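Novice: Each chain is listed here by its residues.
Number of protein chains: 2
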Amino acid sequence: MQKPKYQLIVDFIKDKISKGEWTIGSRIPSQRHLAKMFDVNRSTVITALEELMADGLIEGKAGMGTIVTNNTWTLMGEQSSTNWNEKVTLGIHKPSISTVQEINEAESNHHLIQLSKGELSPEIFPLEEMRSILQKVSNQMTPFGYEEPKGNLKLRQAISDYLKNRGIDVSPSSILVVSGALQALHLISIGLLQRGSSVFLEVPSYLYSLTVFQSMGMELKGIPMDKKGIKVDSIYQTKGKGKSILYTIPTFHNPTGTLMQKNRREELLEYCKREQLPIIEDDVYRDLWIDTIPPEPLKSMDYYGSVLYIGSLSKTLSPGLRIGWVVGAESVINRLADLKMQSDYGSSTFSQLVAMEWLSSGLYDQHLETVREQLKVRRRTALEALNKHLSSYATWEVPTGGFFIWIKIKPAFKVKRLFDKALSKGLLLNPGSIYAEQSGQFIRLSFGFASINEIKVGIFQLSQIIKDVDD
Amino acid sequence: MQKPKYQLIVDFIKDKISKGEWTIGSRIPSQRHLAKMFDVNRSTVITALEELMADGLIEGKAGMGTIVTNNTWTLMGEQSSTNWNEKVTLGIHKPSISTVQEINEAESNHHLIQLSKGELSPEIFPLEEMRSILQKVSNQMTPFGYEEPKGNLKLRQAISDYLKNRGIDVSPSSILVVSGALQALHLISIGLLQRGSSVFLEVPSYLYSLTVFQSMGMELKGIPMDKKGIKVDSIYQTKGKGKSILYTIPTFHNPTGTLMQKNRREELLEYCKREQLPIIEDDVYRDLWIDTIPPEPLKSMDYYGSVLYIGSLSKTLSPGLRIGWVVGAESVINRLADLKMQSDYGSSTFSQLVAMEWLSSGLYDQHLETVREQLKVRRRTALEALNKHLSSYATWEVPTGGFFIWIKIKPAFKVKRLFDKALSKGLLLNPGSIYAEQSGQFIRLSFGFASINEIKVGIFQLSQIIKDVDD
Ligand SMILES: Cc1ncc(COP(=O)(O)O)c(C=O)c1O
Ligand SMILES: Cc1ncc(COP(=O)(O)O)c(C=O)c1O
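If you're matching them up, the sequences are chains A and B in order.
If you count the first sequence from 1, position 385 lands on 385 in UniProt numbering, and the numbers rise without skipping.
If you count the second sequence from 1, position 228 lands on 228 in UniProt numbering, and the numbers rise without skipping.
Next up, chain A with everything else stripped away, as it sits in the complex (with noise of 0.2 angstroms):
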């Protein structure tokens, strides 16, 4: 005889709360999800909710949905703990997590039209090179154990090169190979930041930036921007000097796709110079130009050690390499590789010399050529695309390089109601709300993902949506 099916909900459950992996405290999936999962009614989950709470295991709290609450001892986690999203919410910047989990989410839907995805598409993946490239790492392997503090030191050698190919002049030990450029974020922020200090930086800006800022206790200050990059004269610090910083996307932003012109990076390192306020570049789109090579990094022209320097291979290559780095004064690098060695002991070997053997071998730079034509491409399309059937809802500038197009749709359109509509008709697009309070009216489309019969039926289906949210 079968089980009745509520009786299979119970079990689940209660292995789940026995084995410990739903604890004291903790928040049972809704009605809802359960009754997909088990593929039932609703009235047989609450049937199998109800015995549950007569075992006194679980209970139903008003505004939370239902509760775990067996009379086990409660675990650290339910005690001590911060809740790291619950953390995240900005002075300035107050970026809706609930929207951003709803992404995060949506992102892994293969059903859906990504035009929200921040990376490039698997048709411009090199397999093959990176087949032949693993070979070739393979063939060359040697028994390997833990990595020098600062990453291989083949591989810095070649990122030293591949940045004096871009005006950087740094030897290899100034050089810190980190796990993509968040992590030299996050070793920033925890070893170099001080508490309450303060982070000049971009309104909006690149959302993982602030929640890591903001995670470790600093206060954001937004600047604006105009067409030619930040805004230099809203910069004012209301602080003494050592605390404050500031945090940069001078080429390419994200998510405006603005890129800072060659004399406001002039006098933009001017002012900081003279105001002593160090700089973070997060140049992690130099090498996606689509027209000509942008003005050279900050970084390039900074004679006093007072830019922080980060590069990554995610948005060229794969994210998935986790590979990037950051430059900077020697004392400061030896610092953020102990923190570094402190935080994961350093990155992964195969990756390192992955990453060594792109950029060694030039391959890195002929995959380069293809991206660009192929951004080149995806670009038009876009905007031939929304200038058809999009120019009466909503206005935008054409990047020169990257993947992101700043969309602002006129007032009379609620965004959010857009956001959820195009979600629920199979369109992902990131709203500017995530990225600050003030960006309300945008929408950041990205068209390096989604493939370019993608991008017209999306760019299509957003105007009709648009017309529909409207009537």
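Treat the hints as calculated values from the structure; they're not laboratory data.
Just so we're clear, the structure is a prediction, and the values are computed from it rather than from any experiment.
Quick reminder that beta carbons are idealized off the backbone N, C-alpha and C, glycines included.
Be a bit skeptical, because a hint or two may be false.
[Claimed, not checked] Subject to a maximum C-alpha distance of 25 angstroms in a straight line, what follows is the list of computed PhoX-like cross-link-like pairs (lysine-lysine): (1) Lys-117/A with Lys-154/B; (2) Lys-154/A with Lys-36/B; (3) Lys-14/A with Lys-164/B; (4) Lys-14/B with Lys-164/A.
[Said to hold, decoys possible] Take a look, some chain A residues computed to stay more than 12 angstroms from chain B by CB distance: (5) Lys-5; (6) Gln-7; (7) Ile-46; (8) Gly-63; (9) Arg-166; (10) Met-225; (11) Lys-231; (12) Ser-234; (13) Glu-373; (14) Arg-380; (15) Lys-388; (16) Glu-397; (17) Leu-423; (18) Lys-467; (19) Asp-468.
Start from chain A and add chain B with the ligands according to the hints.
Specialist: Using the frame of chain A, we list chain B with the ligands on its own:
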């Protein structure tokens, strides 16, 4: 005409300063170091430094060496940051940081006999299998991007199966893939523990755990051990619940090699349950048993989700993989996953795929058999040599797994002098003082890394040095 040699040194240093690699306040290399670097006499170095001093670029400071002092503005690093190395001054444990640094540097010297390294010998590295796995990963590779927050699902499934064989029954959703066990400790410290909370741990304990907990502002409370493991009746809590946690390495403890007995494990769990003291179980040495399978993990007897369990492939396969895992209540794992996302956006795809193949193909278990045979031979070699040469100067316990022997040198001999002497003769050992003040009379000898012959020679040399130092 060639430049005079001193000019080369001047140019080198000016270049470092002007590029901002050596910032104001940073110490330049010692005269001895520079002389070696440029293959010149000390007097040539002095000429160069005098010229730079005359230029106002550097200055000698009493007790601090020569410092960069050029009159540009100081950078963030010097102003506001935490010096992580300096911060590590422990209460109960007082690791001698300079000795640790000396060891770290000496560990990359291939001419030394390495009886210090906590990793397996390159001789045991499974190069052929690693190559064939890389081959397979390469063949099966598809374009990849950012991984799931908790790590590749197939890898988590493989870890779940692996853990089942070790008495721990958890689903992949309660497992977080991390970049090594150390990262697990780092994430726990920054995400779950509160500043000022107490960490109970064995005295002595794993060196980097001390640093991680301390860096995050935890207070360390050392608990003595006996032959059966941590002494449960020495644990007492001074603060209320939610403020303390216990960190333990029950299986082949680092550095002592102690294996916690089954009844001691039960006693510990019972105590922690009663006192509501959550546990971090660091079990990275479990698979390195030599004689018999060790008692099951604490986690296998944890019915209340109070144990966070940590494992890793570093000690059995290679630390270069940077793959480990944390297992715990789902809500805690979710929180740690969120934090992992914020700190590095997941571990390397390559490493995850390689680890998955090792675990799921059965090659890992086969490899463990080889490792155990090798460790058995190495342990025998070490013990024979110890018995032959050191029995009148020292005492030790025979470890039943792992690769450390914790040797107590008779009080008549100064271990610090012994360490220095040994190093100068090409023999690297870890003095107990780096783990705990109380362990000054111990040395940790690893039989995992050096070759069989080096183990013999090294231990013989050690006995000679002890005799000499005694004179
Ligand atoms: C501006 C910026 N910096 C850093 C990152 C993170 O890159 P990585 O994958 O190298 O950590 C991103 C990714 O979205 C980004 O947009
Ligand atoms: C007890 C213990 N935990 C954790 C680690 C770090 O291991 P991983 O390389 O996985 O970060 C070590 C390495 O020495 C160790 O001895």
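Novice: Each hint should be assessed against the structure and marked as holding or not.
Specialist: Here is how each hint holds up against the structure:
A hinted pair counts as satisfied when its Cα atoms are at most 25 angstroms apart, and Lys-117/A with Lys-154/B qualifies at roughly 23 angstroms. Restraint check for Lys-154/A and Lys-36/B: satisfied, since their Cα atoms lie roughly 23 angstroms apart, inside the 25 angstroms limit. For the suggested pair Lys-14/A and Lys-164/B, the alpha carbons sit about 19 angstroms apart, so the restraint of at most 25 angstroms is met. Among the hinted pairs, Lys-14/B with Lys-164/A is consistent with the structure: their alpha-carbon atoms are about 19 angstroms apart, no more than 25 angstroms.
For Lys-5/A, the shortest C-beta to C-beta distance to chain B comes to about 21 angstroms, beyond the 12 angstroms cut-off, and the non-interface label holds. Distance check on Gln-7/A: its Cβ is at least 20 angstroms (rounded) from any Cβ of chain B, clearing the 12 angstroms threshold; non-interface status holds. Taking the minimum C-beta to C-beta distance to chain B, about 23 angstroms, the non-interface status of Ile-46/A holds against the 12 angstroms cut. With a least beta-carbon separation of about 18 angstroms from chain B, Gly-63/A lies farther than 12 angstroms from that chain, consistent with its non-interface assignment.
Distance to chain B confirms Arg-166/A as a non-interface residue, since its nearest Cβ pair spans about 15 angstroms, more than 12 angstroms. With a least CB separation of 23 angstroms from chain B, Met-225/A remains clear of the 12 angstroms interface cut-off, as annotated. Remark: the non-interface label on Lys-231/A is consistent with the geometry, its nearest Cβ contact in chain B lying 22 angstroms away (cut-off 12 angstroms). Every CB of chain B lies more than 12 angstroms from the CB of Ser-234/A, the least distance being 21 angstroms, so the non-interface label holds.
Listed as outside the interface, Glu-373/A is consistent with that label: its C-beta sits roughly 18 angstroms from the nearest C-beta of chain B, beyond the 12 angstroms cut-off. With a least CB separation of 23 angstroms from chain B, Arg-380/A remains clear of the 12 angstroms interface cut-off, as annotated. Against the 12 angstroms criterion, Lys-388/A stays outside the reach of chain B, whose nearest CB is about 30 angstroms from its own CB. With a least beta-carbon separation of about 27 angstroms from chain B, Glu-397/A lies farther than 12 angstroms from that chain, consistent with its non-interface assignment.
With 12 angstroms as the threshold on Cβ separation, the claim that Leu-423/A sits away from chain B holds: the shortest Cβ distance comes to roughly 20 angstroms. No Cβ of chain B approaches the Cβ of Lys-467/A within 12 angstroms, the least distance being about 33 angstroms, so the stated non-interface status holds. The claim that Asp-468/A is not at the interface with chain B holds, since no C-beta of that chain comes within 12 angstroms of its own (minimum 32 angstroms).
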